[in-house]
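**Q** For reference, the chains in residue letters:
There are 2 protein chains.
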Amino acid sequence: MSPKPRPPIPKVSRPRNAGATREAILQSALTAFVRQGYDGVGVREIAHTAGVTAVLVNRYFGSKERLFAAAVEAMFTDSGLFAGDPATLAQRLAALVVTRSRDDRHPSDPLLLLLRSAPNPRAAAILRQSIASHCEQPLKSLMRGPKRGERAAIILALIVGLQLFRKVIGNKALADANGTSLSADLTLMLERLIDISHCTESPRNH
Amino acid sequence: MSPKPRPPIPKVSRPRNAGATREAILQSALTAFVRQGYDGVGVREIAHTAGVTAVLVNRYFGSKERLFAAAVEAMFTDSGLFAGDPATLAQRLAALVVTRSRDDRHPSDPLLLLLRSAPNPRAAAILRQSIASHCEQPLKSLMRGPKRGERAAIILALIVGLQLFRKVIGNKALADANGTSLSADLTLMLERLIDISHCTESPRNH
DNA sequence: GTCTATAGAAAGATAGAC
DNA sequence: GTCTATCTTTCTATAGAC
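Sequences listed follow chains P and Y, in order. Position 190 (the first sequence) corresponds to 190 in my numbering; numbering is contiguous. Quick note: to get my numbering, add 206 to the position in the second sequence (first position is 1).
Keep in mind that the hints are not guaranteed to be accurate.
Computed list of lysine-lysine pairs in BS3-like fashion (alpha-carbon distance at most 27 Å, straight line) [stated by the list, open to error]: (1) Y/346 x P/167; (2) Y/346 x P/172; (3) P/167 x Y/353; (4) Y/353 x P/64; (5) P/64 x P/140; (6) P/140 x Y/378; (7) Y/353 x P/147; (8) P/172 x Y/353; (9) P/64 x Y/346.
Examples of chain P residues lying across from chain Y (beta carbon under 8 Å, computed) [said to hold, decoys possible]: (10) 100; (11) 126; (12) 136.
Derived by calculation from the structure, the hints in this document are not laboratory data. Here a beta-carbon is modelled for each residue, glycine too, at the ideal position from N, C-alpha and C.
Input sequences plus hints: build the corresponding full structure.
**A** So this is what it looks like as structure tokens:
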């Protein structure tokens, strides 16, 4: 019996080029980790999509864990989630959640990568650092007022939670919701979090 | 790494009792799935914690997937997350997020079970239904005003996102945040979502 | 009712040929 | 630079003894 007939390989003309192969593996890993999470995909599958065998994954990245770290770094580095005018930040973040990205790479993909891989402790440790440096810090630096770190984390948690319900769980209420209406409500919530106005001005001492 | 020689078995006196064994397996599965997620735990481990072998897991539940479904159902059924006075609901939900539950079963555990198992497509399908019937519907029925379904889903997404950052990612800003201050801010956000006041129109209804 | 033993598949990683 | 072949482990699930 044949052990595995191996479905048709997309053998592009890429003969013996270390750089290109490494890049192909990284791109394949990126997509796979975003869609299926760290535990949901194997190095064989990643390699196959890249048109090579699993050996080269470990040859170029050392291990699955280090490949994941490289993919996370690449994804968050050029995401540009928090670049641009702070005045329209809330609006853009809200659009991120509402927009449906079917199969292409989207700015919201880092968030999917995050929540689909977070259950694995090793992946979580890698993510914790990248989130802190590539998401929390930029967001925090755009904000003013008290408890910036806490508010920034709440913003991220809200967005990621919404993505979880929409894209991963497949929640009906959010999937069927009117796009512009939902976007408007989220924008309002995010503006309150970004500005200081949401906070209690109550004279809470010490 | 140690090849797992034989950790101490909690061999309680439970000689040949189908009901008790089934219950022990279910409890073990509950804890394991909450802590490590669907993909992060094997039936061997669940069985061992229950003091039996993996055979009995499949004997009593049919498969890992059906065991998961039973665990999810049991967890959400008696969670009582949305029982009690609607007036203090926001406060209780905020406390849920802030409270640290180390090893005991807590009402927030269903949320951890949710987000740690969601990456697995089969687990997600099982969760989608339980979430809808045991979380969204009860929450929705406590609320008034327009777009109840959408607002209920946002509330759940916010809470789950916060749990993800605090408990799974291990976010520093949220972990180190002042408990009472964080709780107050969340309560305010949740009250705005539960009441209609956060929305565009409509008079108050209280 | 519960066990040991094992089948069968798939995972991560490595040795060595070309 | 890339492959085939293989090692080792771990997984779910089942057959059959007691």
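**Q** Tell me if the straight-line CA distance from residue 346 of chain Y to residue 172 of chain P falls inside 27 Å.
**A** It holds: about 13 Å lies between the C-alpha atoms, which stays within 27 Å.
**Q** Does residue 346 of chain Y pair with residue 167 of chain P here, judged by a C-alpha cut-off of 27 Å?
**A** holds, 21 Å
**Q** Would the hint linking residue 64 of chain P and residue 346 of chain Y be met if the CA-CA limit is 27 Å?
**A** violated, 43 Å
**Q** Holds or violated: is there a CB of chain Y closer than 8 Å to the CB of residue 100 of chain P?
**A** With a minimum Cβ separation of about 16 Å from chain Y (threshold 8 Å), the hint on residue 100 of chain P is violated.
**Q** Can the restraint linking residue 353 of chain Y and residue 147 of chain P be considered satisfied, given a maximum Cα separation of 27 Å?
**A** This hinted pair is violated, its Cα atoms lying about 31 Å apart.
**Q** Holds or violated: is there a CB of chain Y closer than 8 Å to the CB of residue 126 of chain P?
**A** violated, 10 Å
**Q** Quick one, are residue 64 of chain P and residue 140 of chain P close enough, alpha carbons at most 27 Å?
**A** Measuring from Cα to Cα gives roughly 32 Å; hence the hint is violated.
**Q** Between residue 167 of chain P and residue 353 of chain Y, is the straight-line Cα distance small enough, at 27 Å or below?
**A** holds, 20 Å
**Q** Does residue 378 of chain Y lie within 27 Å of residue 140 of chain P when you go C-alpha to C-alpha?
**A** holds, 13 Å
**Q** Between residue 172 of chain P and residue 353 of chain Y, does the CA-CA distance stay at or below 27 Å?
**A** holds, 13 Å
**Q** If you draw a straight line from the CA of residue 353 of chain Y to the CA of residue 64 of chain P, is it 27 Å or shorter?
**A** violated, 44 Å
**Q** Are residue 136 of chain P and chain Y close enough, Cβ to Cβ, to be under 8 Å, as the hint says?
**A** Hint holds; residue 136 of chain P Cβ to chain Y Cβ min 7 Å, cut 8 Å.
Checked against the numbered hints given earlier, the structure breaks hints 4, 5, 7, 9, 10 and 11 and satisfies all the rest.
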